[in-house]
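So the protein lines, in turn, are chains A and B.
Going by the numbering used here, the first sequence opens with residue 9, and the numbers climb by one from there.
Going by the numbering used here, the second sequence opens with residue 184, and the numbers climb by one from there.
Hint data in this document are derived by calculation from the structure and do not stem from the laboratory.
No experiment lies behind these values; they were computed from the predicted model shown.
For glycine and all other residues, C-beta sits at the position ideal for the given N, C-alpha and C.
Do not take every clue at face value.
Sample of chain A residues facing chain B (criterion: CB under 8 angstroms; computed from the structure) [claimed, not checked]:
(1) Phe22
(2) Ser25
(3) Arg27
(4) Ala32
(5) Ser69
(6) Ala95
(7) Gly109
(8) Ser117
(9) Thr120
(10) Ala122
(11) Leu125
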Amino acid sequence: MSLTALIVDDHPSFRASARAVLEAEGFEVVGELAEGASVVETVIALDPDVVLLDIQLPDMSGFDVCAALDACNGRSGKVILVSSRDASDYGDLVEISCACGFVPKGELSGETIAALLR
Amino acid sequence: MSRVSIPQLVVALEEGTPLRDALAGALGDDALSVAYWIDRRQGTVRGGWVDPHGHAAPDPAAAPGRSVKLVEHEGERIAAIDYDSALDEEGEVLDAVTAAAGLALRNDRLRAELRAEVEFWNTVNNTVPSLLATIDKDGVIRNVNARALQVAGYDEKDDVIGRDYWDVFIDPSERADVVARFAALAPDFAAGEYENAFVNARGEHHVVYWRTAPIHDENGEVIAIVSGGADITLRRKRERELERERDVQTTVFEFMPSIMVALGPDGTIRDRDADNPSVGANRAFRQAVRWPDEELVGRPFVDILVEDDDGRAARAIATAATGETSQEVESEILSADGSSRVFVWSAIPIADVTSRMEHLVLVCGADITERKQLELENELERAFLNAIANNAPSLLCLIDADGVVTDRGANIAFEHALEYDPAEIGGQVFADAFVEPSEQEDVRDAIAGIAAGEPPAERDSTWVTKNGRELSMAWTCTPLPQIDERTLFLITAIDITERKRVDDELRASRTRLVRAEESARRGLERNLHDGAQQRLVALSVALRLVESRLGSDPDAAGQLLASAQVELAQALEELRELARGIHPAVLTDRGLRPALETLISRAPFPVELVAPEERLSTDVEAAAYYVVAEALTNVAKYANATSADVDVWQEDGTLVVSVSDDGVGGANPSKGSGLRGLSDRVAVLDGTLSVTSSARGGTIIRADIPLPG
Numbered sequence: 009m010s011l012t013a014l015i016v017d018d019h020p021s022f023r024a025s026a027r028a029v030l031e032a033e034g035f036e037v038v039g040e041l042a043e044g045a046s047v048v049e050t051v052i053a054l055d056p057d058v059v060l061l062d063i064q065l066p067d068m069s070g071f072d073v074c075a076a077l078d079a080c081n082g083r084s085g086k087v088i089l090v091s092s093r094d095a096s097d098y099g100d101l102v103e104i105s106c107a108c109g110f111v112p113k114g115e116l117s118g119e120t121i122a123a124l125l126r
Numbered sequence: 184m185s186r187v188s189i190p191q192l193v194v195a196l197e198e199g200t201p202l203r204d205a206l207a208g209a210l211g212d213d214a215l216s217v218a219y220w221i222d223r224r225q226g227t228v229r230g231g232w233v234d235p236h237g238h239a240a241p242d243p244a245a246a247p248g249r250s251v252k253l254v255e256h257e258g259e260r261i262a263a264i265d266y267d268s269a270l271d272e273e274g275e276v277l278d279a280v281t282a283a284a285g286l287a288l289r290n291d292r293l294r295a296e297l298r299a300e301v302e303f304w305n306t307v308n309n310t311v312p313s314l315l316a317t318i319d320k321d322g323v324i325r326n327v328n329a330r331a332l333q334v335a336g337y338d339e340k341d342d343v344i345g346r347d348y349w350d351v352f353i354d355p356s357e358r359a360d361v362v363a364r365f366a367a368l369a370p371d372f373a374a375g376e377y378e379n380a381f382v383n384a385r386g387e388h389h390v391v392y393w394r395t396a397p398i399h400d401e402n403g404e405v406i407a408i409v410s411g412g413a414d415i416t417l418r419r420k421r422e423r424e425l426e427r428e429r430d431v432q433t434t435v436f437e438f439m440p441s442i443m444v445a446l447g448p449d450g451t452i453r454d455r456d457a458d459n460p461s462v463g464a465n466r467a468f469r470q471a472v473r474w475p476d477e478e479l480v481g482r483p484f485v486d487i488l489v490e491d492d493d494g495r496a497a498r499a500i501a502t503a504a505t506g507e508t509s510q511e512v513e514s515e516i517l518s519a520d521g522s523s524r525v526f527v528w529s530a531i532p533i534a535d536v537t538s539r540m541e542h543l544v545l546v547c548g549a550d551i552t553e554r555k556q557l558e559l560e561n562e563l564e565r566a567f568l569n570a571i572a573n574n575a576p577s578l579l580c581l582i583d584a585d586g587v588v589t590d591r592g593a594n595i596a597f598e599h600a601l602e603y604d605p606a607e608i609g610g611q612v613f614a615d616a617f618v619e620p621s622e623q624e625d626v627r628d629a630i631a632g633i634a635a636g637e638p639p640a641e642r643d644s645t646w647v648t649k650n651g652r653e654l655s656m657a658w659t660c661t662p663l664p665q666i667d668e669r670t671l672f673l674i675t676a677i678d679i680t681e682r683k684r685v686d687d688e689l690r691a692s693r694t695r696l697v698r699a700e701e702s703a704r705r706g707l708e709r710n711l712h713d714g715a716q717q718r719l720v721a722l723s724v725a726l727r728l729v730e731s732r733l734g735s736d737p738d739a740a741g742q743l744l745a746s747a748q749v750e751l752a753q754a755l756e757e758l759r760e761l762a763r764g765i766h767p768a769v770l771t772d773r774g775l776r777p778a779l780e781t782l783i784s785r786a787p788f789p790v791e792l793v794a795p796e797e798r799l800s801t802d803v804e805a806a807a808y809y810v811v812a813e814a815l816t817n818v819a820k821y822a823n824a825t826s827a828d829v830d831v832w833q834e835d836g837t838l839v840v841s842v843s844d845d846g847v848g849g850a851n852p853s854k855g856s857g858l859r860g861l862s863d864r865v866a867v868l869d870g871t872l873s874v875t876s877s878a879r880g881g882t883i884i885r886a887d888i889p890l891p892g
């Protein structure tokens, strides 16, 4: 049984690349979102095994979305933050967030995600 | 009492028995008295009765038990005998005794009359205020009257009589002289008069004026000298006082700093005195006019005035001649050398102090030439300061310690700036009238602080004009040197409204530039992030996929590579576009015109360009480039235009950039940060940006940028 994934990013090109990478590595991409507002309800509806969450969303930051998921039955445990920037560009925000990991967009692969979920 | 006989009576009379006693004995009446009739009492015009001692006696009259017998001689009454009425029965005896005593009665009457006369003169002697003394030829006092005794300082005549008169009446220092003079007068002792001053026996100072005359005996020999004197001590004292007073007055008159000149009632200048022909004026006057006395005396006073056109001087003198003090008159008095000095004077009626006893007019005044000069100078200085104050660009305003503006206390700049008429400013409370209400308290406190001695400091406040306009003022309040009883303060202010507006404008423009810069950076970051970076991320992910598929699925890997190539080309194009937005390389390398050509080549509508080839300063080229770029962007976004014109030319050291379109118009520079940003950018180079746009259509954006140098 393959792992299910939800991709949240406002750039269609990234969503397409990410889907290609994840599917190539055996993930089932169950949904894509371009903004942060509907993440919580989508996660409740789809209950994905992993949420690839971009930090710089147009309507809110990925950290806020992550906190909202955490407040909702601790679903933030499935969140992996992604960004085209380096984690250090956000100071210690990545460190203290309740997400289970961070992956720079350029290094995205099924292996890295699987490693973080373990 | 037993009677004596008539012969016995005659014998007794011859023996000198007083007549009354002899008559009393002859008639056996102890109470008998005799009175004599004197036809004319000394010092009166009436006759009267006296007793045998010459003292005045009551009129003889019968009384109970007493009778009176009048004795006559040759038809005139000479005596009255008061006797016991019992003798009336012996009338013959009474008549016989009276007849026997007839001669004796007449003699006794003469004696009584002499005694009465002596008593009269004694009374006169001792009651006259004059001093009387009789001295003999040796200078020995034989008699003095009461007044002489008093002046000599003695109580009893015996203290004086028998002493040399110079011991009594002459000062010891003069006695030797007097003795010699007295000796020289002998033997005639001719009548004379003299005055002597001495200190009497009681130590009192006296001055006596004496007149002396000799008294001769029947042979013409001098037997005594009578001296009559008057005590003139007080008169002399008063005379000396008057003299001293006159000396004082003369000194005061002479040395007073005021001018004084005596005029006759006719207004002519007087001489000093009946026997002193010099001018009747004091030293101050003589020195002021320097006329020789002979040219002044007798000359009308108004003659030496420069003018008395209104007759005020003449009237003042006439007023004083009638006994009233005149009003003050200001006159220029001519000096002998032709110069003149200004005096303020009054004419005062005075009594002539000389013996001539006329009413005079004293002109009394003060030299105010210097004061006038000073006043004139002060006035000039004031006019000068006023001119400075009124031409000063600063606002000036004088206030008192209560903060009230003094009358006419503001300069023209103040009136103009605050839009008040000159008459409306004086009397206003400065802080209440001219300061914005919320700042009045501060201004009042500041002025009160200065009035209390705090050091002046510059302050910025908002003032309000009469018409309600607000002005930003930089002002100070400074205490002025005290020129009258008031302490005044000068408020000096500069209208910094315009400066403040420019400052504010500059600050806002700087802030906008900084913000624009900030915003541009953010935009750039966003563009990089959203554009090229995303494409490169996707490219990176794609290349990983290619790598993983190369062995298992070469076809899919090939497709992925092809799309990665497209992605890479787009990333490159976006980077190029960005770099152009930051600063077009063509502008730096080749200048304004080629850069503008490149710019218009990418415009979505035809653009006509007219621009000079030459290179300009980097700043000017950049500003001009961005004006055109932003304007064309706006045209493309909003104007719905079909074409545009870009014209660049130089004019009077200024580069003019004009972008016009045929679009819908209605551009508003106050909206839209693009035009505002351009305006700031041009303003940094001291240039101006104007937007002409009408609702009918078309917009012209024009920048005028001064060329450096």
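Going down the list of hints, with the structure as the test:
no., hint, in the structure
1, Phe22, "6 angstroms, holds"
2, Ser25, "4 angstroms, holds"
3, Arg27, "10 angstroms, violated"
4, Ala32, "6 angstroms, holds"
5, Ser69, "14 angstroms, violated"
6, Ala95, "15 angstroms, violated"
7, Gly109, "17 angstroms, violated"
8, Ser117, "6 angstroms, holds"
9, Thr120, "11 angstroms, violated"
10, Ala122, "14 angstroms, violated"
11, Leu125, "19 angstroms, violated"
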